[in-house]
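K.L.:
Read off the chains here:
Protein chains: 2
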Amino acid sequence: MGTRERKQKEFSLREALFLEAAEAMVSEEGFLHLQMARLAEACDYATGTLYQHFSSKEDLLLALANRRMEAFVDIFRKVGAWQGGTPRERMFAIAVGDLDFSRHHPEHAKLTQYVHAEAVWENTSPERREQAMCCTGPVGEVVAGIVQEAIDRGDLDAQGLSPLELACGPWSVCEGMRALSHVQGLFESLNIRSPERLFFRQVQVHLNGLNWAPLADPADHAATDALVARVRREVFDVSGPDAREVRS
Amino acid sequence: MGTRERKQKEFSLREALFLEAAEAMVSEEGFLHLQMARLAEACDYATGTLYQHFSSKEDLLLALANRRMEAFVDIFRKVGAWQGGTPRERMFAIAVGDLDFSRHHPEHAKLTQYVHAEAVWENTSPERREQAMCCTGPVGEVVAGIVQEAIDRGDLDAQGLSPLELACGPWSVCEGMRALSHVQGLFESLNIRSPERLFFRQVQVHLNGLNWAPLADPADHAATDALVARVRREVFDVSGPDAREVRS
DNA sequence: TTATGTTTTGAATCAGGTTCAAAATCCGAC
DNA sequence: GTCGGATTTTGAACCTGATTCAAAACATAA
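Residue numbers (UniProt numbering), protein chains in the order written: chain V, 1 to 248; chain B, 1 to 248.
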């Protein structure tokens, strides 16, 4: 009988509904103003029903973060599918995608930061944490693939590091710059004119430091800007006007 | 009359008392279990009195973070006072200090991460935020000084970047690795054996990428370990057994 | 010593996440 | 159809813990 299975479907449909509504509320007034009772009411369900899906408010927030994470993973899939660049350019493309994503979804960046704070993390359900973990699967695969290809071509010498260990470098540059840019007013007080250019430049610097051929000239803005534009066009389907919007 | 001034002194003495007690409670059971009423009682004051000093619980947490931040700034002062290394080694020393500090004060790292989450940040008082900002003053000065010295000696070509813009690179590597290491189980799942070595290696990679002379061989563990040990000894007064403890 | 301003107190208030006993609904069996 | 037990939904009550504020205590000045 399909009864059980229909129930299952209805259940996950309802979960999607909750998440949809929650996302709308969050993007409207920030995730710290999200209220469980209000969310339930907005979906015409009782508060308790919400708790059949999410073990706590934190659990719901992590679920939201995971949902968006899937869109984030798409960045990596797109880069993985891109055949138009050298491995180094593909690694750079990930940095571009990362930056653009966090610009398009500023709430997501904050939410991620928030749910990863131990105080919050501890209050989520193990299942949801599991889910969060396995989201990173494809990410690792794509990155490791890029590094491996670079090694195979002779563009890069791993010098005893595994592909993922190697990738931690550029990754931490991305994470770090994001973290710094979230400190309100920091860049202003350091008199940094163009955080975006600085970010891309540091990525190039780091890749150079890894001796990842072909080396780039980090000081050559024009070249970097051109690469960024090309990546946005070829990998992420962002055309002219959009690109400008993203960049601004 | 010294009445007003005596009052002032008593007031800030009491604030120090509150912070002292709060720190003890936090280090004992984590900052998420800190309770305003319990803290007040532990200090033999009423709850309301606490609110004469801190506009909210979040404000108190930020005050705690700021207090520790002063110890953090000491790292930069020590590096600034160190005369035994090249500018590059001094920059590297900052990374060592940063890592060791976050190991010695794991609660502080978490707390900092937490108070910087917008949800929390918004709930602090403007004065306290101001205070948090100006803590970074000496940090910037020391770092900018190191970079400037390297440029003056001809070890480093700024290529149009200001000293602080340049320093953002290594800084973001530090921040980024810290952020990654806080994601529970990430390093394990990536099969990273020695996060510490990887961290120092990436710092070297990045400095190489900046073409900061004298270049280092990032793959040379022995050399990096020796440099780390030397920094811990000469700059931070950490001798043998302690160093081992720190490293473990 | 009294009038007035200031600080402290802690019980009351308030917010909002979480629970759970009762009501409603579903579903297979007769 | 409808009965009875299992499952799901409900939402008011509960609970924790931050915050407030009117009264009390205290300090200062006249």
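Please keep in mind that the hints were generated in silico from the structure rather than gathered at the bench.
Wrong hints could be hidden among the right ones.
To be verified - Some chain V residues judged to face chain B by a derived CB distance under 7 Å, without partners named:
| id | residue |
| --- | --- |
| 1 | Leu32 |
| 2 | Met36 |
| 3 | Tyr114 |
| 4 | Gln159 |
| 5 | Ile192 |
| 6 | Ser194 |
| 7 | Val205 |
Stated by the list, open to error - In silico DMTMM-like links for lysine to aspartate or glutamate, alpha-carbon gap of 20 Å or less:
| id | chain 1 | residue 1 | chain 2 | residue 2 |
| --- | --- | --- | --- | --- |
| 8 | V | Lys57 | B | Glu118 |
| 9 | B | Lys78 | B | Glu122 |
| 10 | B | Lys110 | V | Glu122 |
| 11 | V | Lys110 | B | Glu141 |
| 12 | B | Lys57 | V | Glu118 |
| 13 | V | Lys110 | V | Glu23 |
| 14 | B | Lys57 | B | Glu28 |
| 15 | B | Lys110 | B | Asp220 |
| 16 | V | Lys110 | B | Asp155 |
| 17 | V | Lys110 | B | Glu58 |
| 18 | B | Lys110 | V | Glu141 |
| 19 | B | Lys110 | V | Glu118 |
| 20 | V | Lys110 | V | Glu141 |
| 21 | V | Lys78 | V | Glu141 |
Glycine included, every Cβ here is placed at the ideal spot set by N, Cα and C.
K.L.:
Take the hints in turn and mark each one as holding or not.
P.N.:
To see whether the hints hold, each was checked on the structure:
1. Because the closest C-beta pair between V/Leu32 and chain B is about 4 Å apart, less than 7 Å, the hint holds.
2. A distance limit of 7 Å between C-beta atoms decides the matter here; for V/Met36 the minimum to chain B is near 16 Å, and the interface restraint is violated.
3. Here the hint on V/Tyr114 is kept, as its CB sits about 5 Å from the closest CB of chain B, short of 7 Å.
4. Taking 7 Å as the C-beta contact cut-off toward chain B, the hint placing V/Gln159 at the interface holds, the least distance being around 4 Å.
5. Satisfaction of the interface hint for V/Ile192 is found here, the shortest Cβ-Cβ separation to chain B being roughly 6 Å, below the 7 Å cut-off.
6. Here the hint on V/Ser194 is broken, as its CB sits about 10 Å from the closest CB of chain B, past 7 Å.
7. For the restraint placing V/Val205 at the interface with chain B, the shortest Cβ-Cβ distance is roughly 4 Å, inside the 7 Å limit, so the hint holds.
8. As the CA atoms of V/Lys57 and B/Glu118 are separated by approximately 17 Å, the hinted pair is consistent with the 20 Å bound.
9. For the suggested pair B/Lys78 and B/Glu122, the alpha carbons sit about 33 Å apart, so the restraint of at most 20 Å is broken.
10. In summary, the hint linking B/Lys110 to V/Glu122 is supported, as the alpha carbons are separated by about 13 Å, within the 20 Å threshold.
11. Restraint check for V/Lys110 and B/Glu141: not satisfied, since their Cα atoms lie roughly 29 Å apart, outside the 20 Å limit.
12. Restraint check for B/Lys57 and V/Glu118: the C-alpha separation of about 18 Å stays at or below 20 Å, so the hint holds.
13. About 13 Å separates the Cα atoms of V/Lys110 and V/Glu23, which keeps this hinted pair within 20 Å; it holds.
14. A threshold of 20 Å between alpha carbons decides the hint, and for B/Lys57 with B/Glu28 the separation of about 18 Å falls inside it, so the pair holds.
15. Annotation: proposed proximity of B/Lys110 to B/Asp220 is violated, straight-line Cα distance about 32 Å (limit 20 Å).
16. In summary, the hint linking V/Lys110 to B/Asp155 is not supported, as the alpha carbons are separated by about 38 Å, beyond the 20 Å threshold.
17. With a C-alpha separation of about 17 Å, the suggested pairing of V/Lys110 with B/Glu58 holds against the 20 Å cut-off.
18. In summary, the hint linking B/Lys110 to V/Glu141 is not supported, as the alpha carbons are separated by about 29 Å, beyond the 20 Å threshold.
19. In summary, the hint linking B/Lys110 to V/Glu118 is supported, as the alpha carbons are separated by about 7 Å, within the 20 Å threshold.
20. Under the criterion of a C-alpha separation no larger than 20 Å, the hint pairing V/Lys110 with V/Glu141 is inconsistent with the structure, at around 25 Å.
21. Distance hint between V/Lys78 and V/Glu141 is fulfilled; the C-alpha atoms sit about 13 Å from each other, no more than 20 Å.
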